[in-house]
Amino acid sequence: MVKIFFKPILREAVVIAILGAVLAFAANALSPKGLNIQRNYFPADISSAAPQTNATPTRATNTVPAEENVAARLKEKGLQPLNSAEARQRFDDPRYQQGLIIFIDVRNAQEYEEAHIPGAYHFDYYYPGNEIGQVVAACQPAEQIVVYCGGGKCDASENAALMLRDRAKIPGTKLFVYTGGTTEWKEKRFPMEAGGRNSGKSVDESHGR
Amino acid sequence: MANPLTNPMAADHSTSGFETTGAAGESSRKSSFWSDFFPLFARSILGAAFVYMGMQKVLAPSEFLSLVRQYNLTNNYLVLNSIAAALPWFEVFCGLLLFTGVAVRGASLVVLAMLLPFSIVVLKRALGMASSQGLAFCAVQFDCGCGGGEINICRKLMENSGLMLIGIWLLFAPAQKLALRYALFAP
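Top line first, the protein sequences correspond to chains A and B. So for the first sequence, the working numbering puts the first residue at 1; every next one is plus one. So for the second sequence, the working numbering puts the first residue at 210; every next one is plus one.
Calculated directly from the structure, the hints in this document are not laboratory data. Among the hints, a few may not be true.
Under 7 Å between C-beta atoms, here's a sample of chain B residues computed to sit facing chain A [what the hints assert, rightly or not]:
#, residue
1, V288
2, N290
3, F299
4, G315
5, A388
6, Y391
7, F394
Here the structure is a predicted model, which is why all the values come from computation and not from measurement. Cβ atoms here follow ideal geometry from the backbone N, Cα and C, with glycine treated the same way.
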């Protein structure tokens, strides 16, 4: 009796699972936001990177010890962490205007256009597209490259820095990761720019204030 | 169409027009609601929930990828990418099946087969956080990758339990009239 009841349901479920999986992978392949299945998005060791993000369940818990952990983890991978003061120091350095120090924003295009550190290059880590060529070209003559994302739980900056070092062969000594990212930069009320790179448009103007 | 001679429930519906009056009419109306509209309502809720949650992830797959990674389910990036790439679309697909009433029981079973393990991994992670941070279980909140952003986990598990109950009910509910193709392999 149970067999008679469940057999057609199971048969349906198997058909749905197979058809659904095929359609799902096809939709992902066709979607402009689809993921590249064969790309390792987390070149850093997954098991060592993930517990950190696990330990930050709420915004309230993103406290100093967590930042220290992030800094230690970055150093372990041969990357150089920067705090807000150090990032600001580089932003104010005259070499920033000469392109010898550059900032790279690895968040998505929408976040970048809403507000980014003035003059920062955009490089969406998950969808590098055509930006990678421009960014690598800017990295070549630069003496210092500061990579940042949203801060807090975000680790795209770390992965992007590893990608630039390991795949684009940018020397690790030039690469810095601003761990606080835009969250801390905004909290410190440091300048931010809206729209495209060097648009000169302040975030307040873009909101019509 | 069901044959009233072989399906007593169909015979019941055939006399359940809204013009019917008296006690017998009331009973027929109730029967029509419970056998037609309530299942439609139930699968619409379950279907809409899956379409909504799936679409949230479809629109931001890279964020979903990062969230799935936080569960430490696998170290194999191909498996991780496959989960993050296919699962959101798969949820939308199952949600649409339920919403339109195609293979309702099979789709309910598949949805249950997703909801149960999702809830278990969310529960496990929330318990881990509660004990490591000395928080009350219902004070734990994080973005579980379920499609609604950061959320209180107690609430999320309650929602999932409700959806699972609907899914179980749909497995055993009587065949529905207002479905596009209730059974996939029906003669």
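With chain A as the partner, please determine if B:Y391 meets the hint condition of a C-beta pair closer than 7 Å.
Since the shortest Cβ distance to chain A is 10 Å, the answer is violated.
Minimum beta-carbon distance criterion (7 Å), B:A388 to chain A:
The hint is violated - B:A388 has no Cβ within 7 Å of chain A, the shortest such distance being about 13 Å.
Satisfaction of the B:F299 interface hint, Cβ to chain A closer than 7 Å
holds, 4 Å
Quick one, is the B:G315 hint okay against chain A at 7 Å, beta carbons?
Since the shortest Cβ distance to chain A is 2 Å, the answer is holds.
Cut-off 7 Å, beta-carbon criterion: hint that B:N290 touches chain A:
holds, 5 Å
Checking hints one by one. Is B:V288 an interface residue toward chain A, by the C-beta closer than 7 Å rule?
violated, 10 Å
Go through the hint on B:F394 and say holds or violated, using the shortest Cβ distance to chain A against 7 Å.
For B:F394, the interface hint holds, since the closest Cβ of chain A sits about 6 Å away, which is under 7 Å.
The structure is inconsistent with the numbered hints 1, 5, 6, although it conforms to all the rest.
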